[in-house]
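Quick mapping for you: the protein sequence lines, in order, are chains A and V. So in the numbering used here, the last one in the first sequence is 256, and the numbering has no gaps at all. So in the numbering used here, the last one in the second sequence is 677, and the numbering has no gaps at all.
Hints were generated in silico from the structure; no laboratory data involved. Mixed in with the good hints, there may be bad ones.
[Unchecked claim] Each computed DSS-like pair below joins lysine-lysine, with the alpha-carbon atoms no more than 30 angstroms apart:
1) K652/V x K27/A
2) K652/V x K278/V
3) K652/V x K193/A
4) K652/V x K204/A
5) K176/V x K245/A
6) K179/V x K27/A
7) K204/A x K648/V
8) K179/V x K245/A
9) K186/A x K239/V
10) K652/V x K245/A
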Amino acid sequence: MVYYRPTGDEIAVFETAAKNKLPILLKGPTGCGKSRFVRYIAEKLGRKLITVSCQEDLSGSDLTGRFLLEGGSTVWRDGPLTTAIREGAICYLDEVVEARADVLTVIHPLTDDRRALHLDRLGEEIEAPDDFMIVISYNPGYQSVTKELKESTRQRFVSLSFDYPEEEAEVEIIMAESGCDENVAKQLVRLGKASRNLRAHGLKEGASTRILIYAAKLHVAGLPLDLACRSTLVGSLTDDEEMSKALDELVRTVLG
Amino acid sequence: MAAPTLPKDLDPYEDGVEIDVDEIPDKLTDQEAEEAILASYLFSPPVRQLVPGVDNGTPLSQVQRRVSAWLSMVTGRHLASGYSDPSSTDGENLFLPPAVAAPADEMADERLYRIMGIIQIGLVELGFLSNKGLLSDIHKDWVLRSTYHILAARAVLNHYRRELPGLASDIEAVSKMSKAGALRVNITPVPKEGLPEAFLPLYRDLTSHESWGEAGFSAEKARQAVEAVDRETSLPALKLLISGQAVALREHFLSLRLGPPPLPWYLGIVRPEWFLAKMGYDGDADEDWKKGQLPLRQLIQARAKLGLGKRRAATIEGPGLRSRLKSRFKKKLESPTGGASLSNQPAYGAARDSAQAKAKKERRPQFSQGLDHSIFTVDSATKPDEDGHIHDEWDFRLRNYRLAATRVLSPEAQGGSLDNYKQIVQTHKAEINKIRRQFEALRIEERWRGGERDGPELDLPRVVRALTDIHAGYQPDDTLFRRFIRDPQDVTVMTLVDLSGSTHGRILSEEQRAVVLFAEGLHRLSVPHAFYGFNGTAPTSCTLHRLKGFAEPYDDAVYKRLGNLRATGGTRLGAHIREAHRMLASRSESRRILILLSDGKPEARGDYRGEYGIEDSAMAVKEGAKHGVKTHCVSLDFTADAPTYLTKIFGKGNFLVLERAESLALRLPELFRGLIC
Numbered sequence: 001m002v003y004y005r006p007t008g009d010e011i012a013v014f015e016t017a018a019k020n021k022l023p024i025l026l027k028g029p030t031g032c033g034k035s036r037f038v039r040y041i042a043e044k045l046g047r048k049l050i051t052v053s054c055q056e057d058l059s060g061s062d063l064t065g066r067f068l069l070e071g072g073s074t075v076w077r078d079g080p081l082t083t084a085i086r087e088g089a090i091c092y093l094d095e096v097v098e099a100r101a102d103v104l105t106v107i108h109p110l111t112d113d114r115r116a117l118h119l120d121r122l123g124e125e126i127e128a129p130d131d132f133m134i135v136i137s138y139n140p141g142y143q144s145v146t147k148e149l150k151e152s153t154r155q156r157f158v159s160l161s162f163d164y165p166e167e168e169a170e171v172e173i174i175m176a177e178s179g180c181d182e183n184v185a186k187q188l189v190r191l192g193k194a195s196r197n198l199r200a201h202g203l204k205e206g207a208s209t210r211i212l213i214y215a216a217k218l219h220v221a222g223l224p225l226d227l228a229c230r231s232t233l234v235g236s237l238t239d240d241e242e243m244s245k246a247l248d249e250l251v252r253t254v255l256g
Numbered sequence: 001m002a003a004p005t006l007p008k009d010l011d012p013y014e015d016g017v018e019i020d021v022d023e024i025p026d027k028l029t030d031q032e033a034e035e036a037i038l039a040s041y042l043f044s045p046p047v048r049q050l051v052p053g054v055d056n057g058t059p060l061s062q063v064q065r066r067v068s069a070w071l072s073m074v075t076g077r078h079l080a081s082g083y084s085d086p087s088s089t090d091g092e093n094l095f096l097p098p099a100v101a102a103p104a105d106e107m108a109d110e111r112l113y114r115i116m117g118i119i120q121i122g123l124v125e126l127g128f129l130s131n132k133g134l135l136s137d138i139h140k141d142w143v144l145r146s147t148y149h150i151l152a153a154r155a156v157l158n159h160y161r162r163e164l165p166g167l168a169s170d171i172e173a174v175s176k177m178s179k180a181g182a183l184r185v186n187i188t189p190v191p192k193e194g195l196p197e198a199f200l201p202l203y204r205d206l207t208s209h210e211s212w213g214e215a216g217f218s219a220e221k222a223r224q225a226v227e228a229v230d231r232e233t234s235l236p237a238l239k240l241l242i243s244g245q246a247v248a249l250r251e252h253f254l255s256l257r258l259g260p261p262p263l264p265w266y267l268g269i270v271r272p273e274w275f276l277a278k279m280g281y282d283g284d285a286d287e288d289w290k291k292g293q294l295p296l297r298q299l300i301q302a303r304a305k306l307g308l309g310k311r312r313a314a315t316i317e318g319p320g321l322r323s324r325l326k327s328r329f330k331k332k333l334e335s336p337t338g339g340a341s342l343s344n345q346p347a348y349g350a351a352r353d354s355a356q357a358k359a360k361k362e363r364r365p366q367f368s369q370g371l372d373h374s375i376f377t378v379d380s381a382t383k384p385d386e387d388g389h390i391h392d393e394w395d396f397r398l399r400n401y402r403l404a405a406t407r408v409l410s411p412e413a414q415g416g417s418l419d420n421y422k423q424i425v426q427t428h429k430a431e432i433n434k435i436r437r438q439f440e441a442l443r444i445e446e447r448w449r450g451g452e453r454d455g456p457e458l459d460l461p462r463v464v465r466a467l468t469d470i471h472a473g474y475q476p477d478d479t480l481f482r483r484f485i486r487d488p489q490d491v492t493v494m495t496l497v498d499l500s501g502s503t504h505g506r507i508l509s510e511e512q513r514a515v516v517l518f519a520e521g522l523h524r525l526s527v528p529h530a531f532y533g534f535n536g537t538a539p540t541s542c543t544l545h546r547l548k549g550f551a552e553p554y555d556d557a558v559y560k561r562l563g564n565l566r567a568t569g570g571t572r573l574g575a576h577i578r579e580a581h582r583m584l585a586s587r588s589e590s591r592r593i594l595i596l597l598s599d600g601k602p603e604a605r606g607d608y609r610g611e612y613g614i615e616d617s618a619m620a621v622k623e624g625a626k627h628g629v630k631t632h633c634v635s636l637d638f639t640a641d642a643p644t645y646l647t648k649i650f651g652k653g654n655f656l657v658l659e660r661a662e663s664l665a666l667r668l669p670e671l672f673r674g675l676i677c
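Extracted from the complex, chain A is given alone in its bound form (with noise of 0.2 angstroms):
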């Protein structure tokens, strides 16, 4: 089964929601596990996860489906949102904001009581099994007027707000998925812990539970700790030189 570790009642929320048949919001920012836990939560209930990761092009049609010619006729193919609600999987779209506004349309049905998939092409509705669910996500870190999630969309989900794991929860992961040491873990986890207060100076976002996590598996992969560091913490966050060199700075003074 796939690794998660619980930060706090978000499991508790989700079964209940999906007991529910309602629909989930992810809020949060970069790497903070997200995409993992609905991993974990899929597999946990035993569903089938489908993931579509959304950008400026995908439009509506994408997620429900088209005509496609094969040999000399055509047939008709399911997108990745269709396949969800035949299946009775879990349908979960990574980063929401990125997607064309047509896309937030085609889901809004299947958020409201109707759960239902109205394909004009074929002229037939499908109606979303128990089983079906989607689950969306963003980050609200962005700040930016292009990427915010409408109210009248954020008020159809449960909303299940992420953040950076606490201290020990975080050690405990970088631990697991890496392999590293403790003491390496909690250093890593110092420098990120430190890294996100660098937010009042500008920077959008700190250290993610990711990035320490690649740096943690280069030193185990034999990389000097200080070196990993500074490959994908320094290096990753900012490029304002005078922050990466406040950064380079700090991963000298706590890893000595």
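Given chain A's structure and the hints, the job is docking chain V onto it.
Coordinates of chain V only, in the frame set by chain A:
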């Protein structure tokens, strides 16, 4: 004698709190003298002494961003920055020297700034400056203050050495720097030669000197104290230990007829009076500390007796303390609920209706009938007056709007010399080019867009899909072309610049620079934009000064206005935001952004201050959000509570507090880029 009390509404950091001892009558009582003198010491901005001379080491400004970022990261505290020599803190601001002594070595000097910063933050963070009784004691006694400071700073350094293994080498390097270890009592330099040997153990690992030999018997107590501090790792135990050891050492030094042990310069200076002022100001502190240091009081009394009570305590202009206090007390007595308070007016029912009718007659404020309020749909909420627009104001105490409470005028701003604008552009050519290059990428959406009804090329995947539909017997989609689009961004931005009196000086000049640089960047970007300055004190004379309107092209008249900002008045922020939202709401663009540059809390004459101003501004921001206007703030408020009230007004993540004013010009375009990317 009862301890003197100072008025609660006296702002300890208010600009221009001026004390003229000359104004105090000769027959002053002890209490009055204390009050006047202490006020000048305690309720005045922190002392800022620039390091004299031209051959300084690395100036703080050169490394400040890195140092502040590093300190925030390792301590988790974001203190606002200021200047003081030696370094100090009041718990909300970190004061570092504007420059260190020569020679300049950027790496070593940056390390020195970091250590100075972490000592000051550590003293606060670890709770060494949180005990009122102790602060009161060290405030009155320099020997105790020095002893306590040295031991507490040692404990702070030990703590961070353990927490941050890499810091040990930095501390060691700093302790060996002669410029860092120069000794001082308060701000007076003390030579290292001939220092009493009883003091010497206190400086172990902090600083050293070749003339210092082995410490003899008289140094035994100091050695034991230092060793005890080094041994102890539990923080609560350390606090008790240090308090006790400091008192014991004080007795010991006094028995040896010694004064306060001087401090290595980089340990900075502890100013208990600043913390006590804050505690006293907050309400329940023991007032005894205000009696001040005994020698100071004796000096004042002696001078008064000799007829020499003319000690000038601070720069003096305008009315003195006594007249200020008198007028404030008088005002308070006349209006115990705070002047124009509405708290005794009926909020609902028939009583309210009649009050409103009466108020209408008397042109006094009225209240909204309910909370379902919208500035753009309720006629009475915003209507053009002969000279501007009328807006309501949110009164959080009544949970209701004061109808038609403010009027916002939006005249053309006063211009000035064109040279000012040109000079800023000339001086900042490199920065402007950088901003323009960054904005070029935002200028237009430049890409092939499929799914068009017409265009120079076929959108092949859609053609295939259409053919498939035809083949399957369905009506095909007719959006089969693609075209290269160069659409302007569907966004509009209005920048509101705080031109209230508080910005006068450094903030205004930074705002001026930022406005010109931002305008130069936006000029090249095909995004409709406007610049307005805001100020105003009275509810009916809030003003949005038009620096550049949406429809105005860039010409000399606009340059003259943009290049000549003037500051005066207060910040009735809610009204200004509502008027800006009204202007933006009428725009056709789908994304409307309001960027606010401000330097402090929304405060204007009357009761528009504190929670009232904050709550009204927050409500104005919410009203705008309902109508698709996104409001962001760039704050130049360097006080520690800025993030708290900015979160209340703009919401989490919708503001940016700059660590120094100089960075505004470049951070503003960055913020804008972040908002629309």
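(request) Quickly compare the C-alpha distance for K652/V and K27/A to 30 angstroms and report which way the hint goes. (result) The hint holds at about 14 angstroms.
(request) Would you mind confirming whether the straight-line C-alpha gap from K652/V to K278/V stays at or under 30 angstroms? (result) Between K652/V and K278/V the Cα gap is close to 27 angstroms, so the pair holds against 30 angstroms.
(request) Mind checking the alpha carbons of K179/V and K245/A for me, to see if they're no more than 30 angstroms apart? (result) With a Cα-Cα distance of about 25 angstroms, the restraint between K179/V and K245/A holds, given a limit of 30 angstroms.
(message) For a C-alpha distance cap of 30 angstroms, please report whether K204/A and K648/V respect it.
(response) At roughly 20 angstroms apart (the allowed maximum being 30 angstroms), K648/V and K204/A satisfy the hint.
(message) Hinted pair, alpha-carbon criterion (30 angstroms max): K176/V, K245/A. Please report holds or violated.
(response) 24 angstroms, holds
(message) Can you confirm whether the C-alpha distance between K652/V and K193/A stays at or below 30 angstroms?
(response) 19 angstroms, holds
(request) Sort out whether K245/A lies within 30 angstroms of K652/V, counting only the CA atoms. (result) 27 angstroms, holds
(request) Below or equal to 30 angstroms on CA atoms is what counts here, so check K186/A against K239/V. (result) The given pair, whose Cα atoms are some 27 angstroms apart, holds under the 30 angstroms limit.
(request) Verify the proposed pairing of K179/V with K27/A, using a straight-line Cα cut of 30 angstroms. (result) Distance of about 51 angstroms is beyond 30 angstroms: violated.
(message) K652/V and K204/A were given as a pair; does the straight-line alpha-carbon distance stay at or below 30 angstroms?
(response) 12 angstroms, holds
Checked against the numbered hints given earlier, this structure breaks only hint 6.
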